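Build the full structure now, drawing on both the sequences and the hints.
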Amino acid sequence: MIDKWFSSLAAAVADVKDGATILCAGFGAVGMADELLEALLEQGAKDLVAVANNAGSGDRGLAALIAHGRVRKVICSYPRSDKPHAFEAAYKAGRLELELVPQGTLSERMRCAAAGLGGFYSPVGVGTRLAEGKEVREIDGRPYVLEMPLKGDVAFCKAQKSDRWGNLVYRKAARNFNPTMAMAADLTVVQVKEVVELGALDAEMIHTPGIFVDRVVQVAGAR
Amino acid sequence: MTAQARSLTRKQIAWRAAQDIADGSYVNLGIGLPTLVADFIPPDREIVFHSENGILGLGKAPAPGDADPDLINAGKGAASLLPGGSFFHHTDAFLMIRGGHVDLSLMGAFEVSAEGDLANWTTNDPHFAPGVGGAMDLAAGAREVRVLLEHTTKEGEPRLRRRCSYPLTAPRCVKRIYTNLAVVDVTAQGLSVCEMIEGMTLGDLQALTEPPLTLADGWRPLQAPAL
Numbered sequence: 002m003i004d005k006w007f008s009s010l011a012a013a014v015a016d017v018k019d020g021a022t023i024l025c026a027g028f029g030a031v032g033m034a035d036e037l038l039e040a041l042l043e044q045g046a047k048d049l050v051a052v053a054n055n056a057g058s059g060d061r062g063l064a065a066l067i068a069h070g071r072v073r074k075v076i077c078s079y080p081r082s083d084k085p086h087a088f089e090a091a092y093k094a095g096r097l098e099l100e101l102v103p104q105g106t107l108s109e110r111m112r113c114a115a116a117g118l119g120g121f122y123s124p125v126g127v128g129t130r131l132a133e134g135k136e137v138r139e140i141d142g143r144p145y146v147l148e149m150p151l152k153g154d155v156a157f158c159k160a161q162k163s164d165r166w167g168n169l170v171y172r173k174a175a176r177n178f179n180p181t182m183a184m185a186a187d188l189t190v191v192q193v194k195e196v197v198e199l200g201a202l203d204a205e206m207i208h209t210p211g212i213f214v215d216r217v218v219q220v221a222g223a224r
Numbered sequence: 369m370t371a372q373a374r375s376l377t378r379k380q381i382a383w384r385a386a387q388d389i390a391d392g393s394y395v396n397l398g399i400g401l402p403t404l405v406a407d408f409i410p411p412d413r414e415i416v417f418h419s420e421n422g423i424l425g426l427g428k429a430p431a432p433g434d435a436d437p438d439l440i441n442a443g444k445g446a447a448s449l450l451p452g453g454s455f456f457h458h459t460d461a462f463l464m465i466r467g468g469h470v471d472l473s474l475m476g477a478f479e480v481s482a483e484g485d486l487a488n489w490t491t492n493d494p495h496f497a498p499g500v501g502g503a504m505d506l507a508a509g510a511r512e513v514r515v516l517l518e519h520t521t522k523e524g525e526p527r528l529r530r531r532c533s534y535p536l537t538a539p540r541c542v543k544r545i546y547t548n549l550a551v552v553d554v555t556a557q558g559l560s561v562c563e564m565i566e567g568m569t570l571g572d573l574q575a576l577t578e579p580p581l582t583l584a585d586g587w588r589p590l591q592a593p594a595l
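Chains as they are written, first to last, in the numbering used here: chain L, 2 to 224; chain A, 369 to 595.
Derived by calculation from the structure, the hints in this document are not laboratory data.
One thing to keep in mind: the hints can contain errors.
[Said to hold, decoys possible] Here are the computed lysine-lysine pairs in the PhoX-like style, where the Cα-Cα straight-line distance is at most 20 Å:
(1) L/Lys18 with L/Lys152
(2) A/Lys428 with L/Lys173
(3) L/Lys74 with L/Lys93
(4) L/Lys74 with L/Lys84
(5) A/Lys428 with A/Lys379
(6) L/Lys84 with A/Lys379
(7) L/Lys173 with A/Lys379
(8) L/Lys152 with L/Lys173
[To be verified] Here are some chain A residues pointing at chain L (derived, C-beta under 7 Å):
(9) Asn421
(10) Gly422
(11) Asp438
(12) Leu439
(13) Thr459
(14) Asp505
(15) Leu536
Here the structure is a predicted model, which means the values were calculated and not measured.
We put the beta carbon where it would ideally sit given N, CA and C, even for glycine.
Right, dumping it as structure tokens:
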């Protein structure tokens, strides 16, 4: 029998190791698995590499991990966004490394890892500082830069509903990076607002099939 | 510049850019000045606004109290969805941009060069960590890129430059420039002035612009209603 439901946040993040690359889905504060990331803070993992669009918002989730010095490096497109004080303090103090990646390149690099591809050539960033040191190749007369896949050890995602097979449905613009990150890690842990019986989700409307999901924890009261 | 030459307001720059958006276009509006463009779309045109966080059919900001915490725009502000709108994931949102499916990207800029190079993501200010967001994706990928900006800096320095002094977002991507003083096209022959405000001469405008300007055939006064 397949049952991906975990009864506690702590159990769902218990085996995350120091130095792990964690994919933190969300855009600003929307669609972020704050409760899972706070469980990771409790668990104590450190030297983390966090991949996220923004480097934390307010004092929750990823921002809390950064504020407590658990994150060594962030890979993101736009670190300062929507109450970025935790990031700014750590960055100015020299405690946090920053790798800047164009937003679509960030997403596509993870999709590439999920799809088992060895990289891709993108027109984005060609002729800019962010392409320095990367292979450039001309295809049909246009220059493209080689971008490498980006895989997570763990992905922390948030969805609206799940069944015990881990099929996921998101709500509105809280979908954002969640489907791509859910596919791109060795271990995918998801917090959901509602759990439903197998068969209760419309098969035509499942956004992330359960094959990509390892663990599901219900956090009914999440923002 | 003569006494009656009157610079456009930010709303008027946005209004002017809105008049050029074709009916049926899929359009991405950048954060800041371009966001104002949505308020000035002529009523006879149906435009679908794309948001990088996975939305097509972005509507106006909801009334206070009607905001949905799961529905925000690229600037992280409360948003709404029009009938016919859709949600999708980030990778598809950027596939739409990079693959040339988005007809038009309107962005702000620090500087634009005579060849259409765009600089709008960092000023190298050591006090701020840099952030690029979706700017490079839009600049390299949208089918057409137009920018809205003040013609000069607060200190009066030209923002239209021979070469950008700030790091590039993408080379040779900008096709049209809307400023508080003029509408300028980037052409193979250089910057071509399509419109400039009444009371301004090409010499006046050239004094505020680094690369050489030419007047386009059929150029007109730049006019916008009081807003």
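Verification of the supplied hints:
For the hint pairing L/Lys18 with L/Lys152, the CA-to-CA distance comes to about 15 Å; that is within 20 Å, so the pair holds. Proposed proximity of A/Lys428 and L/Lys173 is supported: the alpha carbons are some 16 Å apart, at most 20 Å. Of the supplied pair hints, the one linking L/Lys74 and L/Lys93 holds, its CA atoms being roughly 13 Å apart against a limit of 20 Å. A threshold of 20 Å between alpha carbons decides the hint, and for L/Lys74 with L/Lys84 the separation of about 19 Å falls inside it, so the pair holds.
Of the pairs offered as hints, the one joining A/Lys428 and A/Lys379 holds, with about 16 Å between alpha carbons and a cut-off of 20 Å not exceeded. Distance hint between L/Lys84 and A/Lys379 is unfulfilled; the C-alpha atoms sit about 27 Å from each other, more than 20 Å. Using a Cα cut-off of 20 Å, the hinted pair L/Lys173 and A/Lys379 is violated, with the two alpha carbons roughly 30 Å apart. Distance check on the hinted pair: L/Lys152 and L/Lys173 sit about 26 Å apart at the alpha-carbon level, beyond 20 Å; violated.
With a cut of 7 Å, the hint placing A/Asn421 at the interface with chain L holds, because the nearest CB-to-CB distance is about 4 Å. Annotation: A/Gly422 was flagged as interfacial toward chain L, and the flag holds, the nearest CB pair being 5 Å apart, inside 7 Å. Interface restraint check for A/Asp438: the shortest CB-CB distance to chain L comes to about 4 Å, inside 7 Å, so the restraint holds. Contact between A/Leu439 and chain L, as hinted, is supported at the beta carbon level, the nearest pair being about 5 Å apart and thus within 7 Å.
Using the Cβ-Cβ criterion of 7 Å, the hint placing A/Thr459 at the interface with chain L is satisfied: the shortest such distance is roughly 5 Å. Interface hint at A/Asp505: satisfied, since its Cβ lies 4 Å from the closest Cβ of chain L, which is below the 7 Å cut-off. Satisfaction of the interface hint for A/Leu536 is found here, the shortest Cβ-Cβ separation to chain L being roughly 5 Å, below the 7 Å cut-off.
In this structure, the earlier hints numbered 6, 7, 8 are contradicted, and the remaining ones agree with it.
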